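*Asks:* The primary structure of each chain is shown beneath.
Number of protein chains: 2
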Amino acid sequence: MNCLEARIVKDGVVKEGNVLKVDSFLNHQMDIDLMNEIGKEFYDRFRHKPINKILTIEASGIAIAYAVAQQFHVPLLFAKKSKSINIAGDTYTAEVESFTHKNKNTVVVSKQFLSKDDRVLIVDDFLANGCALQGLISIVDQAGGTVEGIAIAVEKGFQVGGQVIRNLGYHLESLAIVESMNHETGEIVFRRKEKE
Amino acid sequence: MNCLEARIVKDGVVKEGNVLKVDSFLNHQMDIDLMNEIGKEFYDRFRHKPINKILTIEASGIAIAYAVAQQFHVPLLFAKKSKSINIAGDTYTAEVESFTHKNKNTVVVSKQFLSKDDRVLIVDDFLANGCALQGLISIVDQAGGTVEGIAIAVEKGFQVGGQVIRNLGYHLESLAIVESMNHETGEIVFRRKEKE
Chain H
1 MNCLEARIVK DGVVKEGNVL KVDSFLNHQM DIDLMNEIGK EFYDRFRHKP INKILTIEAS
61 GIAIAYAVAQ QFHVPLLFAK KSKSINIAGD TYTAEVESFT HKNKNTVVVS KQFLSKDDRV
121 LIVDDFLANG CALQGLISIV DQAGGTVEGI AIAVEKGFQV GGQVIRNLGY HLESLAIVES
181 MNHETGEIVF RRKEKE
Chain W
1 MNCLEARIVK DGVVKEGNVL KVDSFLNHQM DIDLMNEIGK EFYDRFRHKP INKILTIEAS
61 GIAIAYAVAQ QFHVPLLFAK KSKSINIAGD TYTAEVESFT HKNKNTVVVS KQFLSKDDRV
121 LIVDDFLANG CALQGLISIV DQAGGTVEGI AIAVEKGFQV GGQVIRNLGY HLESLAIVES
181 MNHETGEIVF RRKEKE
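Residue numbers (this note's numbering), protein chains in the order written: chain H, 1 to 196; chain W, 1 to 196.
Calculated directly from the structure, the hints in this document are not laboratory data. Fair warning: there could be bad hints in the mix.
You can't tell identical chains apart in this list, so a pair holds if it fits in one copy or across any two.
What the hints assert, rightly or not - Using 16 Å as the maximum straight-line C-alpha spacing, the simulated EDC-like pairs for lysine to aspartate or glutamate come out as follows:
(1) Lys-21 <-> Asp-90
(2) Lys-80 <-> Asp-23
(3) Lys-193 <-> Glu-16
(4) Lys-111 <-> Asp-23
(5) Lys-10 <-> Asp-31
(6) Lys-111 <-> Asp-90
Since the model is a prediction, treat every value here as computed from it, not as a measurement.
Let the sequences and hints guide you as you build the complete structure.
*Replies:* Printed below as a string of C-alpha cells:
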C-alpha cells in the first residue's frame, strides 16, 4: 500500500453513490508533505521520459501538478475551465461534455505556452469518466506536442475514464485505483498490480 | 530589486488600461523555481508568527500558496469561488462584490477545515481592489480564527485594495508593489520601502 492509498484508508470518507471524499488532505485542504511524496513517486515513474512541461486543469489539479513540476524543474501550465463560448483567438480550446452531468465545459490554454516542441506530462487529482483529461489531451494534440504520460492521484477504476485512456495507448499511472467502495462499511478496495 | 520584481521587469507585459500580464511565469504558466523562491521569501517575513494554516483562493493563488505552505509544513486550504447562492449549510461563505466588474462572487470554505484555533496566513497572487481578499478575511473571522498575516505576490499600488487592508491593521506583505505602469514604453515603477 503506497502513501496515498494508506491516507485514503485513514482519512477518506465513502459516501452513498460511489462518492469518495478526500477533501481533508487532497482537494480542498491539502497535506503538503503528502503532496510532495506523491510528486516524488510520479517523478520516479516518469523520470526516464524527456518531459519539459507539466499540464493540469484548475483548480485542485494545480497542487499535485506543483509537487510533480518541482521534481522535474519544468514549468507548470494549467488549463482554465470556461463556461463561455467566446474565447479569444490565441487559445487552444476543447469542449468536453460531462458523461455524468451532461453539461459542457470549455477547457482553455493560451497558444503562447504550448507548441510542437513540448513533451508534456498531464497531471490531475481525480480520474473518473475522464472528460477533463480528454480535453487536455486534445489541447496538447492541437499544439502538435507530445503527451509523454498521464499521472493521476486517484482513479475510480469502476468508471470508464482510465480504460479509455489506456485503450488509446497512453502511459497512464494512477497512484490509487479504487476498485470498489462500500458506504455502509466504509471499506475501500484498491486494484493491485498483477505482480503484487 | 527582489526576484519577483526582477522577473516582472524581464517578462511582464504592460497592456493598455493598467493591465499587467504575468501569465508566462506567475498565473497561467508557472515557473516553479521562482515560486519556491517566493515561498522562502514569505517564510522569512512571517516565520516569527504562530501560523498553522495557509488559506488562498482558486485558481492561480494555489501555486504560490503551495510554495509558502511547504516552507511552513502546514496544511493548505483553498476557498472555492461559486456563482451559486445555494451553498450547503456546513460552509463558511462570503459574498463579495467586485469593485471593477460590479458582479458578485461567493467565496466558500468547508467549516470542517477552519476553526477558532486556526492562525492563518492568507496568500494570493494578485491584490488590486482586494475583493477576494476581503472575502477570505471574512471567512477566517466567521470561523473565529486569527489572520496572522497576508502575503501577496503582486500588488497594484495605485488601486485601493492594499491601502484598505493596511488601514484595517493587517500585516500585509506584498513582494512587488507596482506604483505605475506605462503601456507605451513598457516601463514599470515599483514602490520602494523608505529605508531603501
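*Asks:* Each hint should be assessed against the structure and marked as holding or not.
*Replies:* Against the structure, the hints:
1. In the homo-oligomer, the alpha carbons of Lys-21 and Asp-90 lie at most 16 Å apart only across protomers (15 Å), although the nearest pairing inside one protomer, at 37 Å, exceeds that limit.
2. Taking CA atoms no more than 16 Å apart as the test, Lys-80 paired with Asp-23 passes between copies only; the shortest distance there is 12 Å, against 21 Å inside one copy.
3. Within a single copy, Lys-193 and Glu-16 get their C-alpha atoms no closer than 27 Å, and across copies no closer than 56 Å, so neither meets the 16 Å cut-off.
4. When the C-alpha separation of Lys-111 and Asp-23 is checked against a cutoff of 16 Å, the pair qualifies only between copies, where the shortest distance is 12 Å, while the shortest distance within a copy is 32 Å.
5. Only within a single protomer do Lys-10 and Asp-31 lie at most 16 Å apart by alpha-carbon distance; the minimum there is 13 Å, versus 34 Å between protomers.
6. When the C-alpha separation of Lys-111 and Asp-90 is checked against a cutoff of 16 Å, the pair qualifies only within one copy, where the shortest distance is 6 Å, while the shortest distance between copies is 40 Å.
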